[in-house]
Amino acid sequence: MSITNESQVKTTGQLPVITVGKSGTKPTWCPGCGDYGVLAGVERAVKMLDLPPHEVLIVSGIGCSSNLPHFLNSYGFHAIHGRAVAVAEGAKLANHGLHVIVTGGDGDGYGIGVGHLIHAMRRNIDLTYVVMNNEIYGLTTGQASPTSLMGAKTKSTPLGVIEQPINPIALALSSGATYVARAFSGDVKHMGDMIAGGIRHKGFSLIDVLSPCVTYNHLNSYDYFRQRVYKLENSGHDPSQLMKAYEKSFEWEPRVPTGLFYQVSKPTYEDLEPALKAGPLAHQPVTGLKGKRDLLEEFV
Amino acid sequence: MQDFSIRVGGAAGEGIATLGEGFCRLFTRNGYHAYGHTAYQSVIRGGHVWFHARGSPDRIWSLGDGTDVLYALDRQTVDLHAHSLRGGGIVIFDPEKFTFPPETVPAGAKILPIPTLEIARKFASDPILQGSVGMGAATYFSGLPLETLDAILTENFERKGAQVLQQNLQAAHAGYEFAKGKSTPHPAALAPHHGESKMLLTGNQAIALGAAAAGCKLLSQYPMTPATSIMHWMADHSVSLGIVVKQMEDELGAINAAIGASHAGVRSMTASSGGGFSLMVEALGMAAMTETPLVVAIAQRSGPSTGLPTKTEQGDLNLMLGAGQGEFPRIILAPGGVVEAYRQTMDAFRLSEDWQVPALVASDFTLSEDFQSADRSDFATDVELPSLFAVSPPSNGSSYKRYAITPTGVSPRAIPGQKGLAFTAGSDEHDEGGRLVSDVLVGTPAAIQVRKQMMEKRMRKLHGIVAATPPPPLEGSAHADVTIIAWGSTACPVRDALGLLASEGISANLLYVAQPYPLHAKEVAKTILTARQVLLVEANYSGELGHLIRAETGLDIPHKLLKYDGEPFTPHEIVEKVKEIARVR
Ligand SMILES: Cc1ncc(C[n+]2csc(CCOP(=O)(O)OP(=O)(O)O)c2C)c(N)n1
Ligand code: SF4
Ligand SMILES: [Mg+2]
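Chains as they are written, first to last, in the numbering used here: chain A, 1 to 300; chain B, 1001 to 1585.
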């Protein structure tokens, strides 16, 4: 994909900065899919921050939503189902100078990949994770997902889901994520702000985006969310209060809170890893054992 | 061949491994070669643990075939190991702890009771001190100097304070003197000071050291015996060598993080045993599909399933060959001893990087956990490591193609952070630019063509790898009555067996398959076709390398020595089998 095709050229001082924008590859989502809004939200966020495409790495798993990295002109890694967070952790440890953004679906992140997610959050590794939560498995044509609501009728649950959905916000709060937000695909501007805040934040950021699947989830539609969503920042919520954030995380009926639930400043994994003190690993000199023959004496 | 062996046994928690490693160092510090075999169970306290330390002026490759001094800390050790005593053998034990009927011990062996606890009590109340008493006595029988033992004990106990160290030294001296008062040294005792001291290390330490030498900067791993000590060594050296060691939540996380790190421009590795590697299988294919270099060290243990966690086997070759859906190139290297473990780990990094394919380093419990001696000169450390940021944007203004189709199948690899080279690596099938052909394009004539070309691009790397790597070496005389074929650590006891056979006037040689895959089929076929008799030796039930050789060459190897009881091969077993075949002729 070419770098300059449709990317926006901005001017910062004297130098033109090419920021992350659309690549030459057109999205293949169904018309009306919530993920278009998320793509626009991610693009908006990285443009707001003037991030050059070569300093951004977008990692995803597998699912409709996980195709996202192909549609932007940054670096990307379109991994296997459920492993995006682990791949991104390795990439971030290898070069913490990169902005590493993880994108994917609710199945990818809260189902098959939930183990990695919990551990990445407790490590407070500096990743920005945007989950396109459509409460369904889209790519596999409409089975129940970990966030499908009780009673939801899907192809794998024709009589309705009989298990509790995962609460991603509460999960993130209890696992140690240091930036926890929710956005709605129908409000790109607000979503862009939430994602930009996550990228700016040093530490693990989870942005759970309500992103309707217009083809397979007729319950959690745009209308469903439009009737329910409200913004925490307009309701006097204080995002520095963990317990208040917990309370908010359990709200769903009759109204669904969006916005920043919680943010706290804590050292990141990269801050605490002694081997990274000398700068990003990828840019540290690679000498192997040259000049370190003394090491052999430990075995004598 | 001259050699001397001390075997020590007792319960877990009695410090058997420390005693055994100490005996090995007694040999290497005096310039002898050594081999240390460790046998333990999956319990933390109790059970039965033993260690066999063997020294020799010659290069030795296995635990050998006999014990000269058996130091028994419990009755079970006598019951289980007395049979291994050979002529002139000595059993040392403390009668305060247990006794046994003399006929338990083979005729000709000497029984020497030593009041280790009573002697230990003179210096401290902690009964653990008895080990140093026994060590002193065993040192006397070995003929090696007490000063060497002093130095070893000093290193072991220094950090526990001057008092503890002093007690241990006194205990060891008392044990030495007690033995001296009762007996002459063992008739096969070694002369002190044979030459310059040697290194002593396990295969896992050699793998970790090799990775460090190859420029590995990130190890992500999840603990699983017998691979775990790779992570331990790396963690101990993380800060001094600038290597990030990340214990992940599981093996899925471990391999995927290693791939992410490699994608982002850092040489990386993961390691596990067969169980953990089974979980890594899907990601292995992703490394191959995205053409991301990756090294995986696989220390095999007895399977299937949890199997025998602390026992050896070479039962995962089929797994390594077949791991992953679909077809993709991979490299499997199988080091024999510790020096090969070091060099082949370095080779794995270089080949994986040169060919942008995953490389597997196949170890097993025996190689990973047993100790072998080596000379410092065996370890080259002045390796030139190329920068990974070598690709620059095309000068003609055309866009960079990460997966450009080339005659070798290898395309120029950009690293995130490099300007003007952004691309998306995809686990889906993709075209030269990395664009998916798996969804809306799939099935169209253009996409069908791309699929075919990309499969061929990736798969033809295998031909290049065969051409770029050395064929398996034939060790020993070019023409022999019996040619043994072995891979990985099994080559080691075979090497010991070759020496024994030669001393009996039987000529045998070894085709050591250091790189099972891609196999150098032509050379292997030629060796088999020109050999008088061929014997396949593998530590598994079905002869997995034999199957691979048959698949690649069409040749069957009728004579097989297969072992799957979890125990390592002894040279003697191999010698007997070779003789049997030689007789058949
Ligand atoms: C290991 C593995 N199991 C199953 C699949 C099949 N699969 C592909 S996407 C998907 C679920 C997608 O759901 P989600 O992550 O929510 O993404 P969406 O399509 O809804 O955006 C599944 C089960 C796979 N690709 N890999
Ligand atoms: S199936 Fe659903 S999630 Fe997938 S592209 Fe269509 S609308 Fe979007
Ligand atoms: Mg989904």
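Hints are not guaranteed to be accurate.
Computed spacing ranges between beta-carbons, pair by pair [what the hints assert, rightly or not]:
| hint | chain 1 | residue 1 | chain 2 | residue 2 | range |
| --- | --- | --- | --- | --- | --- |
| 1 | A | 291 | B | 1408 | 55 to 63 angstroms |
| 2 | B | 1463 | A | 28 | 33 to 41 angstroms |
| 3 | B | 1551 | A | 97 | 42 to 50 angstroms |
| 4 | B | 1397 | A | 97 | 58 to 66 angstroms |
| 5 | B | 1013 | A | 150 | 50 to 58 angstroms |
| 6 | A | 200 | B | 1154 | 54 to 62 angstroms |
Quick look at which bits of chain A chain B covers, simulated, 3 or more residues with Cβ under 8 angstroms [claimed, not checked]:
| hint | region |
| --- | --- |
| 7 | 49-62 |
| 8 | 276-283 |
Derived coverage of chain A by chain B (criterion: at least 3 residues anywhere in the stretch with Cβ under 8 angstroms from a Cβ of chain B; other residues may be distant) [said to hold, decoys possible]:
| hint | region |
| --- | --- |
| 9 | 78-86 |
| 10 | 173-184 |
These are computed hints drawn from the structure, not numbers from a lab. Even for Gly, the Cβ is constructed at its ideal location relative to N, Cα and C.
Each hint, compared with the structure:
At about 33 angstroms, the CB distance of residue 291/A to residue 1408/B disagrees with the hint of 55 to 63 angstroms. With their beta carbons about 36 angstroms apart, residue 1463/B and residue 28/A fall inside the hinted range of 33 to 41 angstroms. The beta-carbon spacing between residue 1551/B and residue 97/A, approximately 47 angstroms, falls within the hinted interval of 42 to 50 angstroms. Distance hint for residue 1397/B and residue 97/A: a CB-CB separation of about 28 angstroms, inconsistent with the stated range 58 to 66 angstroms.
For residue 1013/B paired with residue 150/A, a C-beta distance near 52 angstroms keeps the hint of 50 to 58 angstroms intact. Judged by the Cβ atoms, the range 54 to 62 angstroms given for residue 200/A and residue 1154/B holds: they are separated by roughly 55 angstroms. Coverage of the region 49-62 of chain A by chain B holds in this model, with 8 residues showing a Cβ closer than 8 angstroms to a Cβ of that chain against a need of three. Against chain B, the region 276-283 of chain A contributes 4 residues with a C-beta closer than 8 angstroms to a partner C-beta. That satisfies the three-residue criterion, and the hint holds.
For the region 78-86 of chain A, the stated coverage by chain B holds: 6 residues have a C-beta nearer than 8 angstroms to a C-beta of that chain, and at least 3 were required. Counting residues of the region 173-184 of chain A whose CB falls under 8 angstroms from any CB of chain B gives 0; the rule of at least 3 is not met.
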